[in-house]
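> Chain by chain, the residues:
There are 2 protein chains.
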Amino acid sequence: MAVDATTRQRVLDAVDAGFDAQLDFTAGMVRFDSTRGNEAAMQEFMAAALRERGYDVDHWKIEVDDIRDMRGFAPVEFVDYAQAYNVVGTLTPRQASGRSLIINGHIDVVPPCDAARWTTPPFEPRIEGGRMYGRGAGDMKSGLAAGIYAIEALKAAGFRPAAPVYLQSVVEEECTGNGALACIQRGYKADGALVPEPFGPSIMRAEVGLMWLCLDIQGDPQHASAAFQNVGANALEKAIHIWPFLKRLETEWNARKADHPVYRDHPHPIRVNLGKLSGGDWVSSVPATARMEVRLGVLEGEDLAQIRQEILDRVAEACAADPYLRDHPPKATFHGFMADGYVLEPGSEIEAAMGRAHEAVFGSPVTSTISSAVTDARYFGLYQDTPSIVYGAVCGQPHGIDEYVELDSLKQATRAYALFIADWCGLEPL
Amino acid sequence: MAVDATTRQRVLDAVDAGFDAQLDFTAGMVRFDSTRGNEAAMQEFMAAALRERGYDVDHWKIEVDDIRDMRGFAPVEFVDYAQAYNVVGTLTPRQASGRSLIINGHIDVVPPCDAARWTTPPFEPRIEGGRMYGRGAGDMKSGLAAGIYAIEALKAAGFRPAAPVYLQSVVEEECTGNGALACIQRGYKADGALVPEPFGPSIMRAEVGLMWLCLDIQGDPQHASAAFQNVGANALEKAIHIWPFLKRLETEWNARKADHPVYRDHPHPIRVNLGKLSGGDWVSSVPATARMEVRLGVLEGEDLAQIRQEILDRVAEACAADPYLRDHPPKATFHGFMADGYVLEPGSEIEAAMGRAHEAVFGSPVTSTISSAVTDARYFGLYQDTPSIVYGAVCGQPHGIDEYVELDSLKQATRAYALFIADWCGLEPL
Numbered sequence: 001m002a003v004d005a006t007t008r009q010r011v012l013d014a015v016d017a018g019f020d021a022q023l024d025f026t027a028g029m030v031r032f033d034s035t036r037g038n039e040a041a042m043q044e045f046m047a048a049a050l051r052e053r054g055y056d057v058d059h060w061k062i063e064v065d066d067i068r069d070m071r072g073f074a075p076v077e078f079v080d081y082a083q084a085y086n087v088v089g090t091l092t093p094r095q096a097s098g099r100s101l102i103i104n105g106h107i108d109v110v111p112p113c114d115a116a117r118w119t120t121p122p123f124e125p126r127i128e129g130g131r132m133y134g135r136g137a138g139d140m141k142s143g144l145a146a147g148i149y150a151i152e153a154l155k156a157a158g159f160r161p162a163a164p165v166y167l168q169s170v171v172e173e174e175c176t177g178n179g180a181l182a183c184i185q186r187g188y189k190a191d192g193a194l195v196p197e198p199f200g201p202s203i204m205r206a207e208v209g210l211m212w213l214c215l216d217i218q219g220d221p222q223h224a225s226a227a228f229q230n231v232g233a234n235a236l237e238k239a240i241h242i243w244p245f246l247k248r249l250e251t252e253w254n255a256r257k258a259d260h261p262v263y264r265d266h267p268h269p270i271r272v273n274l275g276k277l278s279g280g281d282w283v284s285s286v287p288a289t290a291r292m293e294v295r296l297g298v299l300e301g302e303d304l305a306q307i308r309q310e311i312l313d314r315v316a317e318a319c320a321a322d323p324y325l326r327d328h329p330p331k332a333t334f335h336g337f338m339a340d341g342y343v344l345e346p347g348s349e350i351e352a353a354m355g356r357a358h359e360a361v362f363g364s365p366v367t368s369t370i371s372s373a374v375t376d377a378r379y380f381g382l383y384q385d386t387p388s389i390v391y392g393a394v395c396g397q398p399h400g401i402d403e404y405v406e407l408d409s410l411k412q413a414t415r416a417y418a419l420f421i422a423d424w425c426g427l428e429p430l
Numbered sequence: 001m002a003v004d005a006t007t008r009q010r011v012l013d014a015v016d017a018g019f020d021a022q023l024d025f026t027a028g029m030v031r032f033d034s035t036r037g038n039e040a041a042m043q044e045f046m047a048a049a050l051r052e053r054g055y056d057v058d059h060w061k062i063e064v065d066d067i068r069d070m071r072g073f074a075p076v077e078f079v080d081y082a083q084a085y086n087v088v089g090t091l092t093p094r095q096a097s098g099r100s101l102i103i104n105g106h107i108d109v110v111p112p113c114d115a116a117r118w119t120t121p122p123f124e125p126r127i128e129g130g131r132m133y134g135r136g137a138g139d140m141k142s143g144l145a146a147g148i149y150a151i152e153a154l155k156a157a158g159f160r161p162a163a164p165v166y167l168q169s170v171v172e173e174e175c176t177g178n179g180a181l182a183c184i185q186r187g188y189k190a191d192g193a194l195v196p197e198p199f200g201p202s203i204m205r206a207e208v209g210l211m212w213l214c215l216d217i218q219g220d221p222q223h224a225s226a227a228f229q230n231v232g233a234n235a236l237e238k239a240i241h242i243w244p245f246l247k248r249l250e251t252e253w254n255a256r257k258a259d260h261p262v263y264r265d266h267p268h269p270i271r272v273n274l275g276k277l278s279g280g281d282w283v284s285s286v287p288a289t290a291r292m293e294v295r296l297g298v299l300e301g302e303d304l305a306q307i308r309q310e311i312l313d314r315v316a317e318a319c320a321a322d323p324y325l326r327d328h329p330p331k332a333t334f335h336g337f338m339a340d341g342y343v344l345e346p347g348s349e350i351e352a353a354m355g356r357a358h359e360a361v362f363g364s365p366v367t368s369t370i371s372s373a374v375t376d377a378r379y380f381g382l383y384q385d386t387p388s389i390v391y392g393a394v395c396g397q398p399h400g401i402d403e404y405v406e407l408d409s410l411k412q413a414t415r416a417y418a419l420f421i422a423d424w425c426g427l428e429p430l
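Chains H and G supply the protein sequences, listed in that same order.
Its first residue numbered 1, the first sequence is counted upward by one per residue in full-length UniProt numbering.
Its first residue numbered 1, the second sequence is counted upward by one per residue in full-length UniProt numbering.
For the record, the hints were derived by calculation from the structure and aren't laboratory data.
Errors might be hidden in some of the hints.
Covered stretches of chain G (in silico footprint by chain H; criterion: 3 or more residues with CB under 8 angstroms from a CB of chain H, positions within the stretch not fixed) [what the hints assert, rightly or not]:
#, segment
1, 50-63
2, 106-114
3, 218-225
4, 233-247
5, 270-279
6, 283-295
Glycine is no exception: its CB is placed at the ideal position from the N, C-alpha and C atoms.
Can you build the whole structure from these sequences, using the hints too?
Put into C-alpha cells, the structure is as follows:
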C-alpha cells in the first residue's frame with residue numbers, strides 16, 4: 001500500500017536532505033578499485049557501513065564448493081575466490097507486518113578499459129555537470145548506495161520498514177553471478193527483490209542469458225623466418241580464423257527473437273563480443289599460444305546445454321575449415337557466466353508497488369524495458385520464485401571510459417526506492 | 001694461410017679434448033634467462049669467464065644516446081636499457097703479424113613461447129640423443145661458447161692468435177642489433193668478423209633486412225550489450241581488420257625477389273609475421289585498446305625509408321576501408337629492428353679462409369646459404385666494411401619449443417672455427 005501524502009512528503013524530503021551524504025558515501029565506494037580479485041577491502045567498508053547504520057551484518061567468504069552444485073552456478077576458472085566476500089545487512093522490524101525485501105547490489109566493477117583515456121582517474125570520483133564520474137559510479141555503486149540511503153531516508157523521517165530487509169552487497173556480478181547465488185545458498189530469501197541497477201527509471205521486463213567462452217589455441221611456434229620451410233602455425237592467425245565463425249552466431253541467434261514473446265520487440269538483443277585476445281611472446285617468433293575470450297548473449301528461454309553445444313559445434317566447424325586446427329583444435333572452457341535469461345512476468349504485486357512509487361515521483365506511469373545485458377535479478381526470479389525489480393538511475397558509458405551516473409536521475413531513483421520500500425514493506429515507527 | 005698438418009691435428013685434438021668443458025660452459029650460459037631486460041647477470045658471468053681466460057675485458061652499459069645517430073641504429077621503444085650491457089674481451093698478441101678478428105655472438109634469447117610445452121624447462125639445459133636442449137642452446141649461446149673454446153683449443157695446443165681478437169658478447173640481437181652497433185661505437189674494428197650463429201656448416205651469403213612494427217589501436221569501449229544502440233568500436237576487431245592488409249606485403253615483397261641477384265634463388269625470403277596481439281581487459285567490455293606487433297622481412301637492397309612508407313601506406317589503406325578507423329587510425333611505431341639486408345660478396349679472403357677450415361674438417365668444399373633471417377653480421381659488413389662470416393652448428397627449433405643444438409655439428413663447427421682463426425689471425429707460441 002502506498003503511504004499517505006504526509007508521510008510521502010516527509011520521506012521525499014528526507015531523501016533530498018540526505019542526498020549530499022549519499023553522494024559522499026557513493027564517492028567513498030567508487031574510490032575502491034573493486035575489480036575482480038580485489039573486492040575484500042571494499043566489503044570490509046560495506047560491512048562497517050551497514051553495521052554503523054544498525055544492520056545485523058553477515059560477512060562471509062564465498063566457497064566455491066558450497067555453491068558448485070546449485071542451479072545458476074557459473075564456472076570459476078583461472079581465478080580463485082581469495083577475495084570473494086559477500087556482505088548482507090539485515091534490518092528486522094519489531095513486528096513484521098509487511099513483505100520482506102532483498103535489496104541486492106554488486107560492488108565488483110569491470111576494469112577501466114584504458115585508464116589513460118579517462119578525463120580523471122577511474123577510481124577518483126568526480127562530480128561535474130550534474131554527473132558523478134568514476135568506474136562503478138553508475139554500474140552500480142550508486143545504485144547500491146541509493147538502496148541504503150532510501151532506508152536512511154525512511155529512518156530520518158521517523159520510520160523503518162515493517163518487514164525484514166536484506167541489504168546484499170555482493171561480488172561476482174560482472175563475471176558469474178556467484179555472489180548473488182551465494183546469498184541464496186546462505187539462506188536468504190524474501191517476498192520480493194530490488195536490484196538497483198542503473199538501467200533508468202523503468203522496470204526491466206526481461207534480461208538475456210549469457211555465457212563466457214575461452215578458447216586456448218596452441219600454435220606450432222618457430223622462428224618467424226622459417227615459413228619457407230613450410231613449418232609453423234601461428235596461434236594468433238588461427239584465433240583470427242575462428243572468430244568470424246563465432247560472430248556469425250550473433251546474427252543467427254538474433255534471428256530467433258522473431259518467435260520470442262518479449263524479445264521480438266528488441267532491435268538486437270544478442271551480442272557476441274570478442275572481449276579479450278592475446279597471444280605471442282616475441283615479435284620475431286611465430287606465436288605458440290593465443291587465448292580468445294568471448295561473451296555470447298543468449299536469448300531468454302534457450303536451453304543452456306544446447307547453446308553450449310551450438311558454440312562447440314561452431315568452433316568445430318571453424319577447425320574443420322583449417323588443416324592445422326583440424327588436428328589441433330583449441331581447448332574450449334566456459335569460464336564465467338552461465339546465465340539463463342529472465343522475464344519478470346507482468347502483473348506482480350511488486351511491480352505494482354514500484355509503479356506507484358515511480359508515479360508518485362515522476363507524475364507519470366512507469367514504462368518497462370527489455371535488456372540485452374544481464375543482472376543478478378535472475379537469481380531471485382528464477383531460483384527462488386521471488387519477483388525481482390530492476391529499476392534505477394541513468395548511467396552513461398558503463399564498462400566504457402568516463403563512466404558516470406546522472407545525479408538528478410539518481411535522486412529520483414532514490415526517492416522512488418524509498419517510497420517503494422515504504423509501500424512494499426510497510427512502515428513502523430522507529 | 002692454413003696451418004701445417006701437425007699443428008692442425010694438435011688443434012683439432014685440443015678441440016675434441018676440450019669439448020666436454022665447452023658443453024659445461026655452454027650449459028652454464030643456457031641456465032641464464034637472458035631474455036630482453038634480463039641480460040645483466042649473464043654478462044657478469046661472461047665478463048668473468050673471459051677475464052679468467054686471459055682476455056682484457058671491457059664491460060659497459062649501452063647508452064641509447066651514444067648510438068642514436070649512428071647508421072644501423074634501431075628504435076628503442078617501450079623498454080629501457082637498464083640491463084643492456086655489452087662485454088668485449090680482447091686478446092692481444094705479443095707481436096701482431098696476422099689479421100685481426102671480431103668474434104661476435106649474442107647472449108640475449110627470445111622468450112620460451114610456451115614453457116609448459118617444453119619437455120624440460122627452457123632454462124635447464126638437457127643433453128640427450130646428441131643434442132643439447134634449452135632456450136638459446138642453439139641461438140646462439142653454443143655458438144658464442146664455440147668461439148671461446150676454439151681459442152681455448154689453440155691455447156691448449158700451445159698457441160694463441162697472432163693478431164688481436166675481439167670476443168664480443170652482445171645483447172639486443174633479437175630485437176634491434178644495437179648491441180653490435182654499440183661495439184662499433186665503442187671503437188672496435190677488425191679485419192674480419194665471425195658471427196658463430198647456428199646456421200649450419202655453410203657460409204651465409206646473404207641475410208634479409210627486417211623491421212618491427214607496432215600498431216596501437218584505440219577502440220570505443222562500451223558495455224558489450226550496447227551494440228544495438230549502434231555505439232562502440234572493438235579495438236581487437238579493428239586489429240583483425242588491418243592484419244590481412246599487412247600480410248599481403250609478404251606476397252608482394254617476395255615477388256620482387258625475381259630481380260634480386262641473390263634472393264631470386266630463395267623460395268620465400270620475406271616473411272611478415274603477426275608476432276604479438278593483445279587487447280581487451282574484460283570479456284563483457286568492448287575492447288578499448290589493441291596492440292598488434294608485426295615482424296616484416298625486407299629484401300636486401302631495399303631502401304628502408306621507402307619500405308616504412310609502404311608499410312604506413314598499407315595501414316592507411318586498411319583504415320580507409322573501415323568507417324571507424326578512417327577517423328581513428330592506429331598509432332604506428334617502429335619499435336625494434338630497422339635492419340638493412342647484407343650480402344657477403346663472394347671472393348673475400350676471409351671466406352677463403354673459412355672455406356679452407358671447413359674443408360679440413362669436413363673433407364668437402366663449403367657451400368653457401370641465403371637466409372630469411374637477420375644476424376649481427378650486417379653491422380660489420382655494412383658499416384665497417386669488414387667482411388663477416390656467419391657459419392656454425394645446426395640448431396633445431398630456434399624461437400620454438402625444445403630448441404636444441406646438434407652436438408656433433410657443434411664440435412665440427414668448433415674445429416672449423418679453431419682452424420679458421422689459426423689461418424686468419426696466424427698463430428704465435430703461447
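> Counting residues of the segment 106-114 of chain G that have a beta-carbon nearer than 8 angstroms to any beta-carbon of chain H, does the count reach 3?
The restraint on the segment 106-114 of chain G holds, since 5 of its residues have a Cβ under 8 angstroms from chain H and three suffice.
> Tell me if chain H covers the segment 233-247 of chain G under the three-residue, 8 angstroms CB rule, please?
n = 5 at 8 angstroms, threshold three: holds.
> According to a criterion of three or more residues whose C-beta lies within less than 8 angstroms of a C-beta of chain H, is the segment 283-295 of chain G covered?
It holds, with 11 qualifying residues against the three required.
> With a Cβ-Cβ cutoff of 8 angstroms, does the segment 50-63 of chain G contain at least three residues near chain H?
Violated, because only 0 residues of the segment 50-63 of chain G bring their Cβ atoms closer than 8 angstroms to Cβ atoms of chain H.
> Given that the segment 270-279 of chain G was listed as covered by chain H, double-check it with a C-beta distance under 8 angstroms for 3 or more residues.
This one holds; 8 residues, not fewer than the three required, reach chain H with a Cβ under 8 angstroms.
> Are there three or more residues in the segment 218-225 of chain G whose C-beta lies within less than 8 angstroms of some C-beta in chain H?
Our answer is that it holds, as 7 residues pass the Cβ test (under 8 angstroms) against chain H, meeting three.
Of the numbered hints given earlier, the model fails hint 1 alone.
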